[in-house]
Amino acid sequence: MHVEVRHLDKHFGQFHAVQDVSFSIAKGHLIGLLGPSGGGKTSILRMLAGLESPGSGEIIFHGKTVNHLPPQEREIGFVFQNYALFKHMTVFDNIAFGLKVKKIRKEAIRERVRELVELTGLSGFEHRYPHQLSGGQRQRVAFARALAPEPQLLLLDEPFAAIDAKIRQELRTWLRELIERVGITSIFVTHDQDEAIEVADEIMIINSGRLEQKGTPWDIYKQPSTPFVASFIGESTIVEEIGQLKGFDHHGITASARALIRPEYIEIGPAHEFRLLSATETGIVRHMHFRGSQWMVEVEVGTNRLITYRSLEKDTLEVGQDVQVLVHRAYLFNDNESWIAENTLKADPLSVFI
Amino acid sequence: MRRLWITLTWLVFSILILIPLVVLTTGAFDEGGEGFLQALGRPEAMHALMMTGMIVVVVTLLNGIFGIMMGIYLVRGNWLSRKLRQLFNSIVDLPYAVSPVIGGLMIVLLLGPDTVIGAFFENIGFKVVYAFPGMVIATLFVTFPLMVREVMPVLQEIGTDQEEAASTLGAYSWRTFWQVTWPSIRWAVIYGTILTVARSLGEFGAVLVVSGNIINKTQTATTLVYQDMENFNVTAANGVALVLAVFSIGLLLLMERAKKRKEVL
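Those protein sequences? They're chains Z and L, same order as listed.
Going by our numbering, the first sequence opens with residue 1, and the numbers climb by one from there.
Going by our numbering, the second sequence opens with residue 1, and the numbers climb by one from there.
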C-alpha cells in the first residue's frame, strides 16, 4: 500500500509530540522510524493505525484520506511493543481472531492459521497459551496474528525491545526475510540504530516530533542533513575549533563552525605508518579500551580529544605514546547549515608531476 | 506469652462470631424443628424472604451492569478530564463513608411523596419511596462501590493494549468487550457479584428508612427480624436470622472456591 502523510501534527496537552511531519512511502518498502525515546515515533505510528487521532494533517492510504476511518477499517496489522497477545486465548485462537472477525469459513480459517503457524515456525505450539511461550515465540505469534487478515500495511512498535540481545539478532534477520517474502509495506519504530540500519530499506530519523531526514541507511550515514542526524547515526566526537586541525585550516571555515568527526574518519599510528606525514597531526594516546575485535583509542590533539579504532593486527599503542593522527574528513556545521570537508593536505602533491 | 495471644484471639473470635452463631441456631430450634418451620411459614415471613430475594436479584443485576460500566468509564473514559475522573472515583466510595440510614434518608428527601420528583412519579402511578423501587435504589446505593472497586484495579492492570490489538484486527467494541475484556475481568465480576448479594441480603438501615417497614408489603427479612425482636418473638427472629446467616455463609464458601479456581487458571 502506498502511504502518504501530509503536515501531521499532534499535541498531548502542552506537549507538542509531532510537529508538521510529511513523508510518503512506496508500496512494499520496509521503513524504520528511528529516534530517541519520547521523540514522537510511536505517536506517528499510532496515528497511522488510527489508535490516535491527528491534531491536524492528512493521512492518505492508496490515494484516499483515511483520517476519519477507525482502526478497524484501515486494513492494517499492528505489532505492539509488548505484543498485547490475548492472554486467555491459545496461539491458534490469537492468530485466528482477525479471521473470525471477518466471518470467514471455519475450514478457511484453519487453513490460513496453519499456513501462518508454519511460516512463523510455531508448529506444535498452536494449543499453548501466551504465558507458556518464550519472548521470541510471543513475538512470532503477534506477528502472525497481525498478518492473518492480510493487511495492506504492517506497523511494528519497537518489535524487538523486549527480547534478549542474542535472539534479537536472529529475529531481525527472520523478520526482514519474512516481510520480503510476504511483500507487505511495513513501518517499524526503533530507538536502536543498528536495528534500523540492518532491517530497513529506508530510515526516517525523528527527533522532538520532527522528521529530520529520510533516506537509505547508507545515504543518511554519508550525507547527514542535520547535526542531530550526524551525531545520532554512528559514533562521533564533537570538535569545537576545527580550524586548529591540519588540513582544515582553510575552507573558509568561520569561527562559529563546529565539527563532528567519526572514529572511522581518523587514522592513528607511529610516523612510519603514514605516507603523507604533512597531512597528519601529532597527538598523545590518553586511553586504550579493548573492544573485543579492536582497540578503541582516545587521543589528544592540541586541546581536542578524538576517538578512533585501531586494528589488533597493528602494533599495540601505549598510553602516553606520541602518535601521528590523520583526519580524513569532518562533518562541519554552524547554526544555519552543514557540509562535509575533506582534508586538503591529503591529495598527494607529487602525483601532479607524474 | 505466645499462648496467651493465641487464646485471646480465639476468645475474641468466639465471642464475636462463633457463640452468636451457636446461640442463633439453638434459639431458632428452642421450640423444636416445628417451631422453626412455623416461624418461617408465617405469611409475613414468607413475604419478607421473597422481598429480600427480589431485591437481591434486581440489585445484583443492576449493580453488575452499571458497576462494570462505571469501572470502565472511570479507567478508560479519556473523554473526561483526569481531575474529573479522580473526583468521580472518590465519590464512588461515598456509600462506604456515609451511614446507610443517612443514605436512605437522602432518598426519602429526594424522591419522597412530598418532593417534586416523588410527586411526579406518584402521579404517573409509580410509587418510589415506601415501595419496591425505593428499596432497590437504597440497596443499590449501599452496594454500588462493591462492583466498581473489584473491577477497576483489574481493568487498570490489563491496560488497553489487548483492546487496541483487537481493534486493529477489525473487532468493534461489542466483540472486543466480550472476547477480550470480559475474560480478564470475569473473576472480579464474580467477586463483586458475591459481595453485592451478601450485602443486599443483610442491608437494614437504608431499607428500613425507605421502605417504612410495612408488613406484608415492604418488609424484608432483616426488617422482619428487627420487628420480631421488638415484639419479643425471639424464636421467629432467630429462625429468619438463621436463614439469612446460612445464605451468607454459603456465599462466602462459594467465594473461597472461586478464589481457588482462579489461582489454578
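Take the hints with a grain of salt, since some may be wrong.
With a straight-line cut-off of 25 Å between C-alpha atoms, the simulated SDA-like cross-links for lysine to any residue are [said to hold, decoys possible]:
no.	chain 1	residue 1	chain 2	residue 2
1	Z	K106	L	W174
2	L	K259	Z	T90
3	Z	K106	L	H47
4	Z	K87	L	W178
5	Z	K87	L	R175
6	Z	K87	L	Y73
7	Z	K102	L	E157
8	Z	K87	L	E157
9	Z	K87	L	I15
10	L	K259	Z	H131
11	Z	K103	L	E164
Here are some chain Z residues the structure puts well away from chain L; computed CB gaps all over 10 Å [what the hints assert, rightly or not]:
no.	residue
12	S22
13	E73
14	L317
No lab work stands behind these hints: they were computed from the structure.
Glycine included, C-beta positions come from ideal geometry on N, C-alpha and C.
Exercise. Can you name, in rising order, the numbers of the hints this structure does not satisfy?
Worked result: 3, 7, 9, 13
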